[in-house]
Amino acid sequence: MVKIHGLIKEYPKGPQALKGVDLTVGDGQIVALIGPSGAGKSTLIRCINRLIDPTEGSIEFNGTEMTSLSTRALRTSRRTIGMIFQEYALVERLSVMENVLSGQLGYVGFWKSARRQFPQDVVENALKLLKRVGLSEYVDTRADALSGGQRQRVGIARALVQQPQLLLVDEPTASLDPKTARQIMRLIVELVRERSLSAIINIHDVQLAKMFTERIVGLRDGVIVYDGAPADLDHAALTAIYGEEDWEADTDSGEPAAAEVGSGE
Amino acid sequence: MPLTEKDGLIQWTRKSRSERIREHLIWVGAAFLFVLAARYISGQTIWIFVLDAPRQAQDFISRMFPPDVRYFNRAIGALWDTINIAVFGTLIAIVFSIPIAILAAKNTTPHPTLRAMALAVIVGSRSVNSLIWALLIVQITGPGLFAGVLAIGIRSVGMISKLLYESIEEINREPIEATLATGASRAQTFVYAYIPQLMPIFVGITVYRWEINIRESTIIGIVGGGGIGFLLNSAINRLAWNQAVVILITILATVIVAEWVSAKVRAKVT
Amino acid sequence: MSNQTQAAWSKPPLIKSPVLRYLVVAGVLVYIVTAVLSFGINPARIARGLGRAGEIFGAFLRPDFISRGPQIWEGVIESIAMTVGATAVGVLISIPLSLGAASNISPLPVYLLCRAFLVTIRSLHVVVLAILFVIMLGFGPFAGALTLVLNSVGFIGKLLSEEIENIDDESLEAVRATGATWSQVVVFSVWPQVVTRVIGISIYRMDINFRQSTVIGLVGAGGIGAVLDTAMGRYDYNTAAGILIVIIGLVLGGEYLSSAIRRRLT
Numbered sequence: 064m065v066k067i068h069g070l071i072k073e074y075p076k077g078p079q080a081l082k083g084v085d086l087t088v089g090d091g092q093i094v095a096l097i098g099p100s101g102a103g104k105s106t107l108i109r110c111i112n113r114l115i116d117p118t119e120g121s122i123e124f125n126g127t128e129m130t131s132l133s134t135r136a137l138r139t140s141r142r143t144i145g146m147i148f149q150e151y152a153l154v155e156r157l158s159v160m161e162n163v164l165s166g167q168l169g170y171v172g173f174w175k176s177a178r179r180q181f182p183q184d185v186v187e188n189a190l191k192l193l194k195r196v197g198l199s200e201y202v203d204t205r206a207d208a209l210s211g212g213q214r215q216r217v218g219i220a221r222a223l224v225q226q227p228q229l230l231l232v233d234e235p236t237a238s239l240d241p242k243t244a245r246q247i248m249r250l251i252v253e254l255v256r257e258r259s260l261s262a263i264i265n266i267h268d269v270q271l272a273k274m275f276t277e278r279i280v281g282l283r284d285g286v287i288v289y290d291g292a293p294a295d296l297d298h299a300a301l302t303a304i305y306g307e308e309d310w311e312a313d314t315d316s317g318e319p320a321a322a323e324v325g326s327g328e
Numbered sequence: 013m014p015l016t017e018k019d020g021l022i023q024w025t026r027k028s029r030s031e032r033i034r035e036h037l038i039w040v041g042a043a044f045l046f047v048l049a050a051r052y053i054s055g056q057t058i059w060i061f062v063l064d065a066p067r068q069a070q071d072f073i074s075r076m077f078p079p080d081v082r083y084f085n086r087a088i089g090a091l092w093d094t095i096n097i098a099v100f101g102t103l104i105a106i107v108f109s110i111p112i113a114i115l116a117a118k119n120t121t122p123h124p125t126l127r128a129m130a131l132a133v134i135v136g137s138r139s140v141n142s143l144i145w146a147l148l149i150v151q152i153t154g155p156g157l158f159a160g161v162l163a164i165g166i167r168s169v170g171m172i173s174k175l176l177y178e179s180i181e182e183i184n185r186e187p188i189e190a191t192l193a194t195g196a197s198r199a200q201t202f203v204y205a206y207i208p209q210l211m212p213i214f215v216g217i218t219v220y221r222w223e224i225n226i227r228e229s230t231i232i233g234i235v236g237g238g239g240i241g242f243l244l245n246s247a248i249n250r251l252a253w254n255q256a257v258v259i260l261i262t263i264l265a266t267v268i269v270a271e272w273v274s275a276k277v278r279a280k281v282t
Numbered sequence: 078m079s080n081q082t083q084a085a086w087s088k089p090p091l092i093k094s095p096v097l098r099y100l101v102v103a104g105v106l107v108y109i110v111t112a113v114l115s116f117g118i119n120p121a122r123i124a125r126g127l128g129r130a131g132e133i134f135g136a137f138l139r140p141d142f143i144s145r146g147p148q149i150w151e152g153v154i155e156s157i158a159m160t161v162g163a164t165a166v167g168v169l170i171s172i173p174l175s176l177g178a179a180s181n182i183s184p185l186p187v188y189l190l191c192r193a194f195l196v197t198i199r200s201l202h203v204v205v206l207a208i209l210f211v212i213m214l215g216f217g218p219f220a221g222a223l224t225l226v227l228n229s230v231g232f233i234g235k236l237l238s239e240e241i242e243n244i245d246d247e248s249l250e251a252v253r254a255t256g257a258t259w260s261q262v263v264v265f266s267v268w269p270q271v272v273t274r275v276i277g278i279s280i281y282r283m284d285i286n287f288r289q290s291t292v293i294g295l296v297g298a299g300g301i302g303a304v305l306d307t308a309m310g311r312y313d314y315n316t317a318a319g320i321l322i323v324i325i326g327l328v329l330g331g332e333y334l335s336s337a338i339r340r341r342l343t
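Chains as they are written, first to last, in the numbering used here: chain A, 64 to 328; chain B, 13 to 282; chain C, 78 to 343.
Don't take each hint at face value.
A few chain B residues that don't get close to chain A, going by computed Cβ distances all over 10 Å [claimed, not checked]:
| no. | residue |
| --- | --- |
| 1 | Gly20 |
| 2 | Trp24 |
| 3 | Ile33 |
| 4 | Phe46 |
| 5 | Val81 |
| 6 | Gln151 |
| 7 | Ala265 |
| 8 | Ala270 |
| 9 | Lys280 |
Derived list of chain C stretches under chain B, where covered just means 3 residues or more per stretch with a C-beta under 8 Å from a C-beta of chain B [what the hints assert, rightly or not]:
| no. | region |
| --- | --- |
| 10 | 121 to 133 |
| 11 | 242 to 252 |
| 12 | 295 to 306 |
In case anyone wonders, no lab produced these hints; they're calculated from the structure.
For glycine and all other residues, C-beta sits at the position ideal for the given N, C-alpha and C.
Hey, can you work out the whole structure from these sequences and the hints?
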């Protein structure tokens, strides 16, 4: 599905964000990407759909080399990659339905989209998805009238209405309370499994990552330092990813001290 | 260092010595500038006329009463023209400002050269008062409402474009990324992510500018731009202060109403 | 488009009632047509004017700073003198006035009086003020400077009194609780909280005063505007273009300076 090789990203000012990342994600696999803030998680997934242009390296998606695509071909590839954001990234002044339908923009011509004319099957699919995420009553509600959890559900519906093969998920729960966070994670994982998609999920909450995914990749300072099953993520692995900390003295909150450890620069 | 030690005692002063000296210097410099300016102005002034001022003021205030109430009919007619100048000046400005603002904003401009050109247009339009624009335009179109509309419009282009392109540059990037990530084209991203975010700001800017344009259009007639300012000018020239006061009251009422409308609309869109 | 299926969706219109929607559209169209007709646009006159437009734009390519150089220089100096003098006097008058116009530190009668005064002078357009002063005091920069003083007082008074009303109530109470007099409250609580804003607003107002000083000359109140008016009256477009370029340059310079200083203040 996705083959990343030797990926390097340098920002004009500042150090290398990614220092040669190799990562392969198979069909139907759900990968959690963990690591301290500043480790390059967001940069990595944004390189895959080229919201950020990588400096060096190759990214193969379904056999297409993403790094050398023309604008038009990039749009075609982006259609099959859905993305979910930390701050939901909804257009707040558009209605829920308009936000969801905007997931189809890559398929619809400019004038049709400007007049909000989408094919009938798309509209039906959008309404079905809204029902699935539990927002049937909010079709014409403006997005800024929703709660955080509801907004993220709209974000999920927007990503899925694209009929993607791959889902890029960037800190989907970081702005949510613990209960909503679990519900949203469960929903995402369920939907990904239902449709047998692949997913790469950036997440700073190690417990959630262990709970919902089958493979965990740890990133630190732009380098992959752990790649394995959740069960093998032990004291040594956590130290490798986040730095020294008394990992056994875990409180019951379910929130490891990962966030406080912060960037290990 | 406001704390100093002297004779074994720690002394506190509000500011350190160098701070105080710097502050004194600034004040002395400012006072010096002011004296220079005042001397210059007084050198250019014929003081006999100034001493005469109270009598002059008394004279025209006494001429204001009783106000010529029947003149309200003329004033209201001219007011209609004035409002039209403001509305159409603003409309013209909107039509030109949107493309200029898009060209001028760092994140939407297609090319740096175009951006520089758009910024030059904005600067030129903004730095020249609408009254001066009117002075130029009257030479081309002849005096009248149309000249007023163009003058107000040309000045507003710069004002609206500036505020608009600054808001485009400060736009929330996330929804735009999200829209691009769906495979949307630039044009589609504009319609789905830029316009909905900018709409309320744009309406606010426009209404605010319209309010200012109402004020401006009440006086644009003084240099030949038509509307109620033209009446005011002719009333003053004829020393018809009883009519001038009627016009001033009409202008005052209009400005207050426009301010109220503008505040209401802006409160509603945000 | 199958309207039978329940799953159809279209964007709900802004105005729900279709009758009202079309009435609004029709009303707007009627207004536009009547208004445009009332402008009395005279194509023949404009066609004749276009030749002159070419002349004016041509003049911008060959601006003349030299032949009226002394007058332009004089006008610029006059504008700057009016700006400096009017800003200083304006700030001095508006500080006590805005203390009076702040509801949290002034008794009601004083508050109402100051507010009424501010509203009245704010409602008079600067050009109208200039006309009145020119009639009373004669042509020249003195009338212009007084115009700018009054205009500045209205502007600064409004902004500053709002600023004072927004200061922290608790700190006011804290100083009052020490048994301080009204003037002590002003000096120890109000002033420290607004002083940077006073400087910021004054510099901003200086910038505006300079812009205004370029236009009130058109009605005889001195400054560079008067020189421009003379040049336009003589149809001397090359000099007029030169003056306009000078104005644009100075206004930009002033704006840059003003925002640079204000940025350093905060």
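Checked hints:
| no. | hint | in the structure |
| --- | --- | --- |
| 1 | Gly20 | 49 Å, holds |
| 2 | Trp24 | 41 Å, holds |
| 3 | Ile33 | 40 Å, holds |
| 4 | Phe46 | 45 Å, holds |
| 5 | Val81 | 49 Å, holds |
| 6 | Gln151 | 42 Å, holds |
| 7 | Ala265 | 35 Å, holds |
| 8 | Ala270 | 27 Å, holds |
| 9 | Lys280 | 14 Å, holds |
| 10 | 121 to 133 | holds (count 7) |
| 11 | 242 to 252 | violated (count 0) |
| 12 | 295 to 306 | holds (count 6) |
Hint compliance for this structure: hint 11 alone is broken.
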